[in-house]
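> Could you put together the complete structure from these sequences and hints?
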Amino acid sequence: MKRYTIFVITENFIGILNRITIIFTRRGINIDALTASESRIPGIHRITIEVTVNEDTVIQLVNQIEKIIDVIKAFYHEDEGVVYQEIALYKIPVSRLDGGLEKIIRQHNAKIIAAEPDFVVLELTGHKEQTQELLEILKGYGLLEFARSGRVAVAKRMLTIESFIK
Amino acid sequence: MKDMMRGADIVVRSLIAEQAELIFGYPGGAIMPVYDALYDYHEQIKHVLTRHEQGAIHAAQGYARVSGKVGVCLATSGPGATNLITGLADAQIDSTPLVCITGQVAAHLLGTDAFQETDVVGISMPGTKWNIQVRRVEDIAPAIAKGFYIARSGRPGPVLIDITKNAQVDFGEFNYVPCLGFRSYKTHHPIDQSAIKEAAELINQAERPYLLFGQGVVLGKAETELKFFLDKSGIPAASTLLGSGALSEDHPNFVGKLGMHGNYAPNLLTNQCDVLIAVGMRFDDRVTGDLKRYAKQAKVIHLELDPAEINKNVKTTVAVQGDCRESLAMLTEAITAKKHEAWMGKFRELEQQEKAAVVQHDLTPTKVGLTMGEVIHQINQYKADDAVLVTDVGQHQMIAWRYFHYKKPRTQVTSGGLGTMGFALPAALGAQMYDYSRQVICVVGDGGIQMTIQELGTIMQTKAPVKIVLLNNNYLGMVRQWQQLFFDKRYSFTELDNPEFVKIAEAYHIKSQKVTERQDLQEAIEDMLIHDGPFFLEVVVEKEDNVFPMIATGCSVEEVRLS
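Quick note, the sequences are listed as chains A and B, same order. My numbering numbers the first residue of the first sequence as 1 and each following residue consecutively. My numbering numbers the first residue of the second sequence as 1001 and each following residue consecutively.
In case anyone wonders, no lab produced these hints; they're calculated from the structure. Glycine residues also receive a C-beta, built at the ideal position from the N, C-alpha and C atoms. Mixed in with the good hints, there may be bad ones.
Said to hold, decoys possible - Chain A regions said to be covered by chain B (calculated; three or more residues, Cβ under 8 Å):
#	region
1	8-17
2	66-72
3	147-153
Stated by the list, open to error - Straight-line distance between alpha carbons at most 27 Å, and here's what the computed DSS-like set of lysine-lysine pairs gives:
#	chain 1	residue 1	chain 2	residue 2
4	B	K1292	A	K2
5	A	K67	B	K1146
6	A	K67	B	K1186
7	B	K1543	A	K67
8	B	K1146	A	K73
Claimed, not checked - What follows is a list of derived Cβ distance ranges for each label pair:
#	chain 1	residue 1	chain 2	residue 2	range
9	B	R1183	A	A147	30 to 38 Å
10	A	R148	B	P1126	27 to 35 Å
11	A	E78	B	E1173	47 to 55 Å
12	B	K1315	A	R148	33 to 41 Å
13	A	I31	B	D1113	27 to 35 Å
14	A	R40	B	T1187	25 to 33 Å
15	A	R157	B	A1384	55 to 63 Å
16	B	R1490	A	I87	14 to 22 Å
17	A	R27	B	T1364	43 to 51 Å
18	A	R27	B	E1173	42 to 50 Å
19	B	Y1491	A	R157	31 to 39 Å
20	A	S163	B	D1113	42 to 50 Å
21	A	E38	B	N1313	48 to 56 Å
Here it is in structure tokens:
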């Protein structure tokens, strides 16, 4: 089992996300994370799916995803093949904000992006291992809330969407 | 100047533009505007009112399977649409081209739990090649054009188009533009020359090559190319359930049928060939048995249109992706002519073993009770070469398939992948509606027929001259066989107290006969086949007969048993 990033380039068609996730559900495979956004070309969307499976399975998943009529292209990469980031937000009570915590924030390259009378919100962008590490530390600082995005990623391979829609 | 018309008229005009000649359907509230429009176009397009929406979709499947055209069916929202689901799933797994149009509540009511509202696009998603909800009149014709294109192109499959009632009653322009393709969907894959070269080398060097063909040959209209390839290569060839008919069983290279209840030699020798060539088939588990012990000794060449099928179940040595009509022709060109007499002899030898152990009992039984096999044997004596055999699911299906003599393409209609009981009667009606002059023989069990028996009403109304052969053993026979072999003869809920079937047929004014004695069988079948009109023949067969050969679940193809 290995962590793979699946990229799906699709038409902007109602229900497409449902059709894609059905392929995972049928096989009882859990999606670790999923993000969807419009690509740089209007009308074409890109979906990034993170999944932990063996390579045979990821190949079959990609083939079945690509078979969906409104999917333009699907492909997969190992972690080494992509540049990726995740964003994490941490909500901490103001009362716990002291010199020690500020040092931790600096050490982890996190930022305070909101300060309210009762709490502050820290933001850290990075790989899961990094955001997780900070999470563990902040649990000792009365962490009120935590949220982490799915992976956004670009492939290292030089391919453009245009080459798929010719 | 463009024509302005109601959305409902656009639906019907679009179907006519796609050269649909026949619709199977059932009306209801949300599809009534389309039914109203059909009233005006009855000269250009025929509609068959079935007795249940499941009947409509299976009929459309039967029509599509024999004609090679897109089957069309029509249903209302809610229960009308959900009754199509079994047929959609069946058509999806058996690659049958369908366009199903369902009515939907008006757009402003969507999501409000309105009367007969159901999320049919959501429900049908896993069972369709493509589906769409149309909420505006201007989107109707493009959706139908795209739907037909998707249903019939590439690997065919079912499409569902859900049209809200407001779109059906609003007025719009009608200007039909057929769909010729779009960017996210590529139907043609150029054949990789180097793959052909590699495959040809493997075939030329092979000592015991073996070819398996599936429905892909029929869907790709590659029957002639398959025959030429076999003529030149001298390679023995076996068919899957749905591949039957792609090659005449009279062809000298034809060695039989594959799978759980296929023939002895074709299964057993899969594990003795050195090169396995699979054409337009998907290595279904009913064909392969235990994959870990399937053709491990062989180099595998897979000719397949759908890339998702390549390496799905069996790892290939050489994959030739693309239309098998093209790839078979190229491969025929690239190989050297050969004969494989000794290897072929092995198949013939084992065939004799199967004859002695199974076939003799099935076709010329010595015991009192009638066998399903002898009924099919008699049908073979009198049927036309291009007679279509439509079967349901279970023992009778396997027996009929084993013994029916397939000579022409598109003579085999059955529910293969999904195994849908209740399929046969409506599918036979649909197959017959395509061509009244062709013999359509529907072989069905006493379990399956009662799942869609109401379609006798449609046969009565259409006068479709379907020949229905009910093989009645008063059991859910296949389940009973498994209970006998694997569940210690614990016959849990498989015995049926049945009605007097011929009286039911008579109530529908269908000529009928019941046979219980061997001496009456031959004449009854002859009478049935020459009868001008529908005919219902019930044959009471041995209660506890089994289908052999058999590969039990989890066993390897080489563990195929004769008893």
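> Now tell me if each hint is right for this structure.
Here is what the structure says about each hint:
Check on the region 8-17 of chain A: 4 of its residues sit with their Cβ under 8 Å from a Cβ of chain B, so the three-residue criterion for coverage holds. Restraint check on the region 66-72 of chain A versus chain B: 6 residues with Cβ-Cβ distances below 8 Å, three needed, restraint holds. Only when three residues or more bring their CB closer than 8 Å to a CB of chain B does the claim for the region 147-153 of chain A stand; here the count is 0, and the claim is violated. For the given pair, K1292 (chain B) sits about 23 Å from K2 (chain A) by alpha-carbon distance, which is consistent with the 27 Å threshold.
Taking the CA atoms of K67 (chain A) and K1146 (chain B), the gap is about 16 Å. The hint holds against a cut of 27 Å. Taking the CA atoms of K67 (chain A) and K1186 (chain B), the gap is near 10 Å; set against the 27 Å cutoff, the hint holds. Note on K1543 (chain B) and K67 (chain A): the hinted pairing is violated, with a Cα-Cα distance of about 45 Å set against a maximum of 27 Å. For a cut-off of 27 Å, the pair hint linking K1146 (chain B) to K73 (chain A) stands: about 19 Å separates their Cα positions.
Here the CB-CB span from R1183 (chain B) to A147 (chain A) is close to 36 Å, well matched to the stated 30 to 38 Å. Between R148 (chain A) and P1126 (chain B) the beta carbons are some 30 Å apart, a value that agrees with the proposed interval 27 to 35 Å. In this structure the hint that E78 (chain A) and E1173 (chain B) lie 47 to 55 Å apart at CB holds, the actual value being about 52 Å. In this structure the hint that K1315 (chain B) and R148 (chain A) lie 33 to 41 Å apart at CB holds, the actual value being about 38 Å.
The supplied range of 27 to 35 Å is met by I31 (chain A) and D1113 (chain B), whose beta-carbon atoms lie about 29 Å from each other. For the pair R40 (chain A) and T1187 (chain B), the beta carbons lie near 28 Å from each other, so the given range of 25 to 33 Å is met. Roughly 58 Å separates the CB atoms of R157 (chain A) and A1384 (chain B), a value that falls within the hinted 55 to 63 Å. Remark: the range hint 14 to 22 Å for R1490 (chain B) to I87 (chain A) is contradicted by a beta-carbon distance near 59 Å.
Judged by the Cβ atoms, the range 43 to 51 Å given for R27 (chain A) and T1364 (chain B) holds: they are separated by roughly 47 Å. Between R27 (chain A) and E1173 (chain B) the beta carbons are some 45 Å apart, a value that agrees with the proposed interval 42 to 50 Å. Between Y1491 (chain B) and R157 (chain A) the C-beta distance comes to about 60 Å, which lies outside the given range of 31 to 39 Å. Checked against the hint of 42 to 50 Å, the C-beta distance between S163 (chain A) and D1113 (chain B) comes to roughly 46 Å, which is consistent with it.
As the Cβ distance of E38 (chain A) to N1313 (chain B) is approximately 37 Å, the hint placing it in 48 to 56 Å is violated.
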